[in-house]
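Student: Can you make the complete structure from the sequences, with help from the hints?
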Amino acid sequence: MTATGSSTLPGLLPDLEVIRKDFPILSRRLADDRPLVYLDSANTSQKPQCVIDAMVDHLERHNANVARAMHQLGAESSEAFEAARDKVAAFLNAPSRDEVIFTKNASEALNLVANTLAWARGPLEVAEGDRVVITQMEHHSNIVPWQLLTQRTGADLRWFGLTDDGQLDLSDIDELITERTKVVSLTWVSNMLGTINPVAEIARRAHEVGAIVVVDASQAAPQLPVDVQASGADVVVFTGHKVTGPTGIGVLWGKRELLDQLPPFLGGGEMIETVTMERSTYAGIPHKFEAGTPPIVEAVGLGAAVDYLGAIGLDNIHRHEQAITGYLLEGLATVPGVTVLGPLDPTLRGGAVSFEVDGVHPHDVSQLLDSFGIAVRAGHHCAKPAHKRFGVQSSTRASSYLYTTPAEVDAFVEGIIATQKYFKVA
Amino acid sequence: MTATGSSTLPGLLPDLEVIRKDFPILSRRLADDRPLVYLDSANTSQKPQCVIDAMVDHLERHNANVARAMHQLGAESSEAFEAARDKVAAFLNAPSRDEVIFTKNASEALNLVANTLAWARGPLEVAEGDRVVITQMEHHSNIVPWQLLTQRTGADLRWFGLTDDGQLDLSDIDELITERTKVVSLTWVSNMLGTINPVAEIARRAHEVGAIVVVDASQAAPQLPVDVQASGADVVVFTGHKVTGPTGIGVLWGKRELLDQLPPFLGGGEMIETVTMERSTYAGIPHKFEAGTPPIVEAVGLGAAVDYLGAIGLDNIHRHEQAITGYLLEGLATVPGVTVLGPLDPTLRGGAVSFEVDGVHPHDVSQLLDSFGIAVRAGHHCAKPAHKRFGVQSSTRASSYLYTTPAEVDAFVEGIIATQKYFKVA
Amino acid sequence: MSVDLDSLYQEIILDHYRNPHHAGLRDPFESEVHHVNPTCGDEITLRVHLDGEPGHETVSDVSYDAEGCSISQAAASVMADLVIGQQVDEALRKHQAFLELMQSRGTIEPDEEVLEDGIAFAGVSKFPARVKCALLGWMAFKDATSTILAGTASTTTPEENR
Amino acid sequence: MSVDLDSLYQEIILDHYRNPHHAGLRDPFESEVHHVNPTCGDEITLRVHLDGEPGHETVSDVSYDAEGCSISQAAASVMADLVIGQQVDEALRKHQAFLELMQSRGTIEPDEEVLEDGIAFAGVSKFPARVKCALLGWMAFKDATSTILAGTASTTTPEENR
Ligand SMILES: Cc1ncc(COP(=O)(O)O)c(C=O)c1O
Ligand SMILES: Cc1ncc(COP(=O)(O)O)c(C=O)c1O
Numbered sequence: 001m002t003a004t005g006s007s008t009l010p011g012l013l014p015d016l017e018v019i020r021k022d023f024p025i026l027s028r029r030l031a032d033d034r035p036l037v038y039l040d041s042a043n044t045s046q047k048p049q050c051v052i053d054a055m056v057d058h059l060e061r062h063n064a065n066v067a068r069a070m071h072q073l074g075a076e077s078s079e080a081f082e083a084a085r086d087k088v089a090a091f092l093n094a095p096s097r098d099e100v101i102f103t104k105n106a107s108e109a110l111n112l113v114a115n116t117l118a119w120a121r122g123p124l125e126v127a128e129g130d131r132v133v134i135t136q137m138e139h140h141s142n143i144v145p146w147q148l149l150t151q152r153t154g155a156d157l158r159w160f161g162l163t164d165d166g167q168l169d170l171s172d173i174d175e176l177i178t179e180r181t182k183v184v185s186l187t188w189v190s191n192m193l194g195t196i197n198p199v200a201e202i203a204r205r206a207h208e209v210g211a212i213v214v215v216d217a218s219q220a221a222p223q224l225p226v227d228v229q230a231s232g233a234d235v236v237v238f239t240g241h242k243v244t245g246p247t248g249i250g251v252l253w254g255k256r257e258l259l260d261q262l263p264p265f266l267g268g269g270e271m272i273e274t275v276t277m278e279r280s281t282y283a284g285i286p287h288k289f290e291a292g293t294p295p296i297v298e299a300v301g302l303g304a305a306v307d308y309l310g311a312i313g314l315d316n317i318h319r320h321e322q323a324i325t326g327y328l329l330e331g332l333a334t335v336p337g338v339t340v341l342g343p344l345d346p347t348l349r350g351g352a353v354s355f356e357v358d359g360v361h362p363h364d365v366s367q368l369l370d371s372f373g374i375a376v377r378a379g380h381h382c383a384k385p386a387h388k389r390f391g392v393q394s395s396t397r398a399s400s401y402l403y404t405t406p407a408e409v410d411a412f413v414e415g416i417i418a419t420q421k422y423f424k425v426a
Numbered sequence: 001m002t003a004t005g006s007s008t009l010p011g012l013l014p015d016l017e018v019i020r021k022d023f024p025i026l027s028r029r030l031a032d033d034r035p036l037v038y039l040d041s042a043n044t045s046q047k048p049q050c051v052i053d054a055m056v057d058h059l060e061r062h063n064a065n066v067a068r069a070m071h072q073l074g075a076e077s078s079e080a081f082e083a084a085r086d087k088v089a090a091f092l093n094a095p096s097r098d099e100v101i102f103t104k105n106a107s108e109a110l111n112l113v114a115n116t117l118a119w120a121r122g123p124l125e126v127a128e129g130d131r132v133v134i135t136q137m138e139h140h141s142n143i144v145p146w147q148l149l150t151q152r153t154g155a156d157l158r159w160f161g162l163t164d165d166g167q168l169d170l171s172d173i174d175e176l177i178t179e180r181t182k183v184v185s186l187t188w189v190s191n192m193l194g195t196i197n198p199v200a201e202i203a204r205r206a207h208e209v210g211a212i213v214v215v216d217a218s219q220a221a222p223q224l225p226v227d228v229q230a231s232g233a234d235v236v237v238f239t240g241h242k243v244t245g246p247t248g249i250g251v252l253w254g255k256r257e258l259l260d261q262l263p264p265f266l267g268g269g270e271m272i273e274t275v276t277m278e279r280s281t282y283a284g285i286p287h288k289f290e291a292g293t294p295p296i297v298e299a300v301g302l303g304a305a306v307d308y309l310g311a312i313g314l315d316n317i318h319r320h321e322q323a324i325t326g327y328l329l330e331g332l333a334t335v336p337g338v339t340v341l342g343p344l345d346p347t348l349r350g351g352a353v354s355f356e357v358d359g360v361h362p363h364d365v366s367q368l369l370d371s372f373g374i375a376v377r378a379g380h381h382c383a384k385p386a387h388k389r390f391g392v393q394s395s396t397r398a399s400s401y402l403y404t405t406p407a408e409v410d411a412f413v414e415g416i417i418a419t420q421k422y423f424k425v426a
Numbered sequence: 001m002s003v004d005l006d007s008l009y010q011e012i013i014l015d016h017y018r019n020p021h022h023a024g025l026r027d028p029f030e031s032e033v034h035h036v037n038p039t040c041g042d043e044i045t046l047r048v049h050l051d052g053e054p055g056h057e058t059v060s061d062v063s064y065d066a067e068g069c070s071i072s073q074a075a076a077s078v079m080a081d082l083v084i085g086q087q088v089d090e091a092l093r094k095h096q097a098f099l100e101l102m103q104s105r106g107t108i109e110p111d112e113e114v115l116e117d118g119i120a121f122a123g124v125s126k127f128p129a130r131v132k133c134a135l136l137g138w139m140a141f142k143d144a145t146s147t148i149l150a151g152t153a154s155t156t157t158p159e160e161n162r
Numbered sequence: 001m002s003v004d005l006d007s008l009y010q011e012i013i014l015d016h017y018r019n020p021h022h023a024g025l026r027d028p029f030e031s032e033v034h035h036v037n038p039t040c041g042d043e044i045t046l047r048v049h050l051d052g053e054p055g056h057e058t059v060s061d062v063s064y065d066a067e068g069c070s071i072s073q074a075a076a077s078v079m080a081d082l083v084i085g086q087q088v089d090e091a092l093r094k095h096q097a098f099l100e101l102m103q104s105r106g107t108i109e110p111d112e113e114v115l116e117d118g119i120a121f122a123g124v125s126k127f128p129a130r131v132k133c134a135l136l137g138w139m140a141f142k143d144a145t146s147t148i149l150a151g152t153a154s155t156t157t158p159e160e161n162r
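Residue numbers (my numbering), protein chains in the order written: chain S, 1 to 426; chain E, 1 to 426; chain F, 1 to 162; chain H, 1 to 162.
Calculated directly from the structure, the hints in this document are not laboratory data. Among the hints, erroneous ones may be present.
Said to hold, decoys possible - With a cut-off of at most 25 Å between alpha-carbon atoms, the simulated DSS-like pairs for lysine-lysine come out as follows:
(1) S/Lys421 x F/Lys126
(2) H/Lys142 x H/Lys126
(3) H/Lys126 x E/Lys424
(4) E/Lys421 x H/Lys126
(5) F/Lys126 x S/Lys388
Tutor: Printed below as a string of structure tokens:
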């Protein structure tokens, strides 16, 4: 495939062919010698060579444990690990590097907040009678931790519903965000509907009642400039593997005042100040929340990843995603029997497009597309409640990224038409 | 350095020079063009090329999210990830692959057990008046989680003390393990003293009173054949980065009957059966305990690592470690002013040797050794209580592994002598 | 490797998908179960009605309400065809044969005597991600039947998560 | 890179290590603090005694009980020499100068007027793992002094964990 199909599309990354060369997997041939058309980036992104090389260089030349090792390799490894923290802090425009905590993924980061709020004593504690507010478009990872928290503490779990066009329904915000509300946790960008939420506005309302605002930026961080200070949030989380970094690492940024007051999450090496058999005292942030050997080579990979994205520019990536998403929505609009879930205006959304094909189950759609070498996701995308809201059990999702070309979108749309033919629904 | 100094040492791995070639970092030159003498393997092990290559191949050719992705890359990635679980199950002689849970490190695995026992309802619940028993030689990661558990629940934390030669003092076992005891958690091999504990015997006693036995195999798994069934334990944990695998992954093995009864730990994607806004039901093991995107490329690396160790043979590695440790203990015995902490008989211990040098602080010892290219660890090695037991605040630790040669031990012993000279204590 | 779509989507499978046999929930039944494929959300509610002496029961009826892909829907339909009217032993033997076929990765030649239309699913075993789909209804049947035989008839919701 | 051991272990440092000045805990004091280096376990208990008018206090005494490596012990000894008898402002200025020197990675030329024997630690700044050692006593002094000035004299146990 020559990937320059509609390279006149305004907003496309200018060096798209060069960027694609950075990703070794994009030259993979699949069954029947098909080229890979990877449209599952909201699930996990592909990795550029520079990320892989940074990890290999670390493993082959600098590997040692961090903090505790004082020899030359230990110093190199610690420096690489802490440099990754600096890079992530810069990526998020965090006021302090110490506010950046490495977790294993976004899910752990959200559980960290939910658990420490249950264990906190004093004003932060979430207890019986308190309220936690989420939304109906959350990923399961931003639902289940709060269900567990509210079940264990006797607090009350409430949520924003959705409008028919896949936006947050803010009409009952005054009933939801009240004096009782201790936490508001919401996604910045929906992984199913693509919706971009008005995070700063909701944060402002939540802060009026003194609630803590947690923002799940798992889908935002890959494709928008994320400025944690401008976001108004108290906590922002994202996951390494969706920002061209490796698995095994996630990020929790939190305001120092908040993190300082929260009790520790997991106990163990690295998070202590001093330990006796009877009792222990704990380190300051970020170490307080990083028990055990941290994801060292993963941090090195993530540091290289955010450097890579930063060099291309998040604004440019955002424009590219909007251009590709617009083109993909236009393409789908030409196919009878296809219904897109979520906003239809590409400027209101991220690059994940979920849709239904009349008469063909998403499994079967994705199976057919896969036979053409096109990778999409079928199922509930870890957003069962959002699917239920729209009366569907599952959907097919095509999600682009900075390496996606208009020609790939063309192949995808043709694939949908061929699928309809195969199942004799068109 | 020609690393065949005393290659006549009985028990050494026969292909030591070939094995060393598997580890790219071992050819690193440090400052002043010194060859690396890596004696910090109890802190983290070095990685063979096959582990690095397996990770690179996955990232460059097979990267996709697991379980949820149904396309070809998704199938390849899921297969690689689940194959790693099979490999780890075989490595541990686990009765079922489903009993193998991937965590982020050993510390998380221990916290998982401590937290779910607090949250459990019914006979497993650890509550006020119940007792948890640990030992004075535990790593902080097997102390702090139990302190947090007992503080939060009002249960009672007790521990086995140590004898002067660094063994567990089992003289008060009948007072410690009683009808009130719900959990006994102990390390198989001490990371500070090197002591190998009689795990099966303690497990037998603990089971007589119906307690759950948790074994921290973080130092055992790298160097002994670990058969979870023979161990008698209910839960065994270890960490990837110490068995020549990557950081970012740990393993929890637990008996199915136990794991099935425990409530979930972290909530999120992958660990659910079904989710509504009001409530969720959870997947069976192993997924119940694996919230969020798991450490995929790390599992691939860990799978390659346990294959690598298995091909060499854990029995052979154990013999090698004993031979090297014996040689190292002999070497230190020739140096006046050096005191080894822990058992002096190499057959009773693992390959981590902590010691004191009269008149020179461990920081200064390790700094001097580092200037000769020799990497050891100085400090409390995350075992403050064990240090306190022996009246020392910190120590220097030399820890070997399957790639360690007698010539490296010679260099280390000479380094100690040179250190004493530098600080004018000999 | 080649993606052998037609070996997956056999005409028999698509026929059963378009016109599922024995669909809809019916009385009487001794056990009703609800199974979910957690990966994709496919669901089935399934009822089993047994008749006959303890130790010699017959599967008098299997009825179900399923939502899912072509493979899962067709497999439920074929399963109902195969087990209704059979001795329980024989029905469970067919379950076992189907399970083995699905886990075979294309290496087993299915026995048409035992599996009838079920042999059309041989191709599914080469698509690991779809094996769960084909097994959803069968697992529900096994679960419901075992529950009755164990004398603990109730509504259960286990998961299929391999 | 070369491991410049002698730039780390200056003779002055080893002298202070072998014969620490002002060691031992003494009365009177307004604040006592206990600091730990969590990585290695090095510890210091340190007391500060100030005299004089609010706004014009003098450091009358600094006494300490420290357990640690040559660098941390020698740094505490040099620190006590430098600050005892100084105006608080001047003592804190020396703290600041020492901190900057330590964080300089060998790029700052230390001012002997201000730091006296402390200039011997310039080499430490090239060993990132040892910077914490050199700062342990200084951080304890800063903490204890600030506590007195804030009028909240008490025994605190913070950590040094950068
Ligand atoms: C005995 C022991 N237990 C637990 C751990 C913790 O392992 P990790 O830091 O990988 O969680 C270690 C290593 O640091 C150890 O040596
Ligand atoms: C919006 C959103 N939140 C949270 C997550 C969870 O991320 P992880 O699985 O890496 O923990 C995801 C991705 O799966 C996501 O899309």
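Student: Hint by hint, which ones does this structure get wrong, listed from lowest number up?
Tutor: Violated: hint 5 alone.
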